[in-house]
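We have chain A already, so just place chain B on it with the hints.
So the chains spell out like this:
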Amino acid sequence: MAVNGVKTAGATGTGVPTGATTVTGRALALGRAELKLLGRNKTALYITLLMPLFMVYAMRSGTKNLDLEGSGLSLKEVTMTGAFGYVLLFVVYYNLMSAYTARREELVLKRLRTGEAGDAEILAGTALPSAAIALAQCVLLVGAGSLWLDMRVPARPELLLAGVLLGIVLLAALAAASTAFAKTSESAQLAAMPLAMVSMLGSGMFWPLAAMPEGLARFCEVLPMTPVVELMRTGWLGGASAAEVLGRLGAALVWVILGVFAVRRWFRWEPRR
Amino acid sequence: MDFGESVIEVSGLRRRYRQSGDEGFEAVRGVSFTVRRGELFALLGTNGAGKTSTVEVLEGLARPSEGRVRVLGHDPYEERRAVRPRIGVMLQEGGFPSDLTVAETVAMWAGCTTGARPAGEALGLVGLTARRDVRIKQLSGGERRRLDLALALLGRPEVLFLDEPTTGLDPEARHTTWELVRRLRDEGTTVLLTTHYLEEAEALADRLAIMREGRIVATGTPSEVIGGYPSRIRFAMPDGWFVGDLPPLAEMGVLRHEETGGRVELQTGELQRTLTGLLLWAREKNLELEGLDARTASLEQAFLAIAGATESSAAAEAPGALTGRNG
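Top line first, the protein sequences correspond to chains A and B.
Residue 177 in my numbering sits at position 177 of the first sequence; the count goes up by one each step and never skips.
Position in the second sequence (from 1) plus 273 gives the number in my numbering.
Check each hint, because a few of them may be wrong.
Said to hold, decoys possible - Here are some chain B residues the structure puts well away from chain A; computed CB gaps all over 12 Å: (1) Gly-368; (2) Leu-398; (3) Ala-523; (4) Glu-573.
Claimed, not checked - Label pairs and their in silico Cβ distance ranges: (5) B:Asn-320 / A:Trp-269: 47 to 57 Å; (6) B:Arg-456 / A:Gly-143: 55 to 65 Å; (7) A:Gly-39 / B:Thr-569: 56 to 66 Å; (8) A:Asp-119 / B:Gln-365: 18 to 28 Å.
In case anyone wonders, no lab produced these hints; they're calculated from the structure.
Yeah, the Cβ is synthetic: ideal placement off N, Cα and C, and Gly gets one too.
If we strip away everything but chain A, and leave its shape as in the complex, we get (with noise of 0.2 Å):
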């Protein structure tokens, strides 16, 4: 592993500055350290683990109430694709948002940021757990999904992994952006309700865009977890034009630019005094 391939090198080391540190070396000393720290908060495992498995099987009942006619979309359809959205929000951004709010209070993004990883590579180190477990997590939806419940194998798999891999980035900055409106790790959670309500209502997780009336999807369009999963669901089911998938694309890339400018004009590295 890159980890002990720096450490070794630094022991025999005399000073002089040979085992340089690697990007990839230091973000996985980080992700490491954070993967302990989230097998030791009970909650969090919860968030991980389960709160996506719950969602899924609660919001089904909600997408059976609805009119799917039109939409072209079968009630397992629209839920396993949905499901990206929600391993998404508790896996990626809940999580995120406790973590980023955690470590600035205990002072450690402050200590963190006087050695040689840089701001990008302090977040993106701290969220490597999380991306890799809403990684295997959709990885595992898709499998279920075509071993177990007859659908299909992915239509476009490249669409599909863009928008997880989008979708993570996304999140990830949106958590480190909301943490301005947060003082512990408790109210960070309070604090990650608006977007999780906007997104798990409107962003077409448990309602297709395509089922709701024309003005309202219009507007849920530009909710900001809309383009990702609505690129996800293309990329498992098919069936969008290529005007479609690169308006999706694009506004996706939109989004992820807006919260990486967020992330540097807002987020703070040590708590507010």
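Only chain B this time, still in chain A's reference frame:
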């Protein structure tokens, strides 16, 4: 190793904290100094004097509002990548994830540190070997400070920034830390230390600067800074005797004298001569000088005279550590 090379250069440094609207608070108001390779330089001052605000700029955590700062020849903020692998930092207040163990914290830090020492060696330096599997949240304040120091030393830095490294340590741990810092200095590490413990600066510093209200008000070696401040002798005047009964004060080398409630204080530039005169007089008169106390000028005295110039004269009686304006 050429000893004359400056490793830290600060000239005309100013740092303002902006508040909405108005001008903001200026914590550092035109500070200049240099630290040469292998030197141990101490920034001394009461809380709020601007020490940490200065050091944060040197560590590359903040940009100067005005002025120029170089560490190892680089701008520590703009050229962080070049500077960071060669420096070690211990913040006045830094933290670690409370649910990690000591060893896990060191491993995390080692992954971000070029040429990191083995964890066991780093923990051994600060005497935390026995605590390696303890969670951070179970460490005492002093143990956390020592862990912080271990991480600052992890990359065998050329330049070490220590912001109040012994605050919160018990006396024994403080002396162990001093030993360690001295040893690092002897091995060639350049050290910039801030402290409000005068004995710490006196014990460790090759050179020091005293800061007050964002400015450097005195700088030099400890003896240069102390030099020029008089030694003093204190005693209680026996009943029925007065200062006027002493031999002529000017002949004994006394510069100033004070008498309050029977206690006399003589200030002198020639401690031995004054003391000899006083003791010969006491023997001749067969007098017992109660509470006799003679001391050479100390950094404490110089500091109180310099740094405390705007504070009340009651501060002159304050011993040891300075607790600052609000203390």
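Here is what the structure says about each hint:
1. With a least beta-carbon separation of about 3 Å from chain A, Gly-368 (chain B) fails to lie farther than 12 Å from that chain, contradicting its non-interface assignment.
2. The beta carbon of Leu-398 (chain B) sits about 14 Å from the closest Cβ of chain A, which is more than 12 Å, so the claim that it is off the interface holds.
3. Distance check for Ala-523 (chain B) against chain A: the nearest CB is about 55 Å away, which clears 12 Å, and the non-interface claim stands.
4. Here Glu-573 (chain B) stays apart from chain A, with its beta-carbon at least about 31 Å from theirs, past the 12 Å limit.
5. Under the hint 47 to 57 Å, the C-beta atoms of Asn-320 (chain B) and Trp-269 (chain A), about 23 Å apart, miss the expected range.
6. Here the CB-CB span from Arg-456 (chain B) to Gly-143 (chain A) is close to 58 Å, well matched to the stated 55 to 65 Å.
7. Checking the proposed 56 to 66 Å range against Gly-39 (chain A) and Thr-569 (chain B) shows it holds: the Cβ atoms sit about 59 Å from each other.
8. With their beta carbons about 21 Å apart, Asp-119 (chain A) and Gln-365 (chain B) fall inside the hinted range of 18 to 28 Å.
The structure fails hints 1 and 5 (numbered hints given earlier, in ascending order).
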